[in-house]
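There are 2 protein chains.
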Amino acid sequence: MVDILHRIAVEGRTTDDVYQALATIDGLADWWTEDTTGGTGTGEEIAFRFPQGGFDMKVLESEPGRRVLWEVVGGTPEWIGTRIHWDLRQEEDWAVVLFKHEGWAEPIEFMHHCSTKWASFLLSLKALVEDGKGAPAPRDVRVDNWG
Amino acid sequence: MVDILHRIAVEGRTTDDVYQALATIDGLADWWTEDTTGGTGTGEEIAFRFPQGGFDMKVLESEPGRRVLWEVVGGTPEWIGTRIHWDLRQEEDWAVVLFKHEGWAEPIEFMHHCSTKWASFLLSLKALVEDGKGAPAPRDVRVDNWG
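Going down the list, the protein sequences come from chains L and E.
The opening residue of the first sequence carries number 0 in numbering that gives the first Met the number 0; numbering runs sequentially from there.
The opening residue of the second sequence carries number 0 in numbering that gives the first Met the number 0; numbering runs sequentially from there.
These aren't lab readings, by the way, just hints derived from the structure by calculation.
On a predicted model such as this, the values are computed, not experimentally measured, just so you know.
Just to be clear, a hint being listed does not mean it is correct.
Since the list can't tell identical chains apart, any single copy or any two copies may satisfy a pair.
[What the hints assert, rightly or not] Distance condition first, Cα-Cα at most 25 angstroms in a straight line; then the derived DMTMM-like pairs of lysine to aspartate or glutamate:
id : residue 1 : residue 2
1  : Lys57     : Asp2
2  : Lys57     : Glu77
3  : Lys57     : Asp25
4  : Lys57     : Glu10
5  : Lys57     : Asp130
6  : Lys57     : Glu90
7  : Lys57     : Asp139
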C-alpha cells in the first residue's frame, strides 16, 4: 500500500475556518469541485462530480477544528476503499493541514497524476480560506494531459 | 522506504525542451532556485541553494529527451541518499514528466511538506517551458509556515 502526502498551512486563519471548508457542502464546492452534493455528517456520503467523472466519499470521522476522514465508496476503481485524512493543527498564526490519501494498491502513473492534482487543490483550499478565492473544478489548474 | 510521486505535462513542447530545463544550470535556475551552480554532466554535482539551506545532487544519469536521475549527496539529513527521478515521454502534443523522489526512510511531516513543494516547483517547471515564466526560489509559491 502506498500513500499520497501533503502539507499546507493557512495564514491568519484558524483550524475552525479550515474545517468549515472541509465539512460543509458549500465549503467543499468552493475549492474542490463546484458540483458537490450530499451530507457531511459522520456516516453520510458526499458526491463529488467533475467533468470527467466523480467520487463518492463516506464520512468516517468529522471533529470540528481537528480532523475529517473520508472513505472512497464510489468512483474510479483505483480509489475505491482508499481513505482521505485531513488532520488540522494550529501553529501560532497558521492553520496547518496534514493530508494523506491512504491505501493505493500500487504506485501507478495515475497515482502520480492524482498527487500533483491534490497539491493544486490543496493550494486552492489555502487560497479560499485565506482570500475567499478557490479554484474548484471546472475552473481548476491543469497539471497534465489528463486534467 | 516511501516515495513522493508527481506527474505533469507540458503542452506544445517536446521532451527535449523539458530536458533543457533539467540538464542545464540556467534551466534549473529558472524554475527551482535562482542560486544553482555546478555541473550537470553524468558524475558531476549540482549545488542548489535556498534562503533556508540547500542540496547537492550527484548526476547519476542524464539522457537527452529521456531521463535524468540525481542522488542527494549533501543537505538536509532526511534527503541524503534519496534519489530523484525525472522520466520524460512524448504523448502527441504533450511532454509528459514522471517524477519520483525515492527512498525516504519514514513518512515524516517534512515529507508531506516536500511533496507539496515539489508539486508547486513542477508547476513552475511547466510554466517555464510553456511560457518562459517559472517561479524559482526566492520567488517560489509558499505552501505552509515552513516555506
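Outcome of the hint check:
no. : hint           : result
1   : Lys57 x Asp2   : within (19 angstroms within a copy, 27 angstroms between copies)
2   : Lys57 x Glu77  : within (16 angstroms within a copy, 35 angstroms between copies)
3   : Lys57 x Asp25  : within (17 angstroms within a copy, 48 angstroms between copies)
4   : Lys57 x Glu10  : neither (29 angstroms within a copy, 36 angstroms between copies)
5   : Lys57 x Asp130 : neither (29 angstroms within a copy, 41 angstroms between copies)
6   : Lys57 x Glu90  : neither (29 angstroms within a copy, 36 angstroms between copies)
7   : Lys57 x Asp139 : within (24 angstroms within a copy, 36 angstroms between copies)
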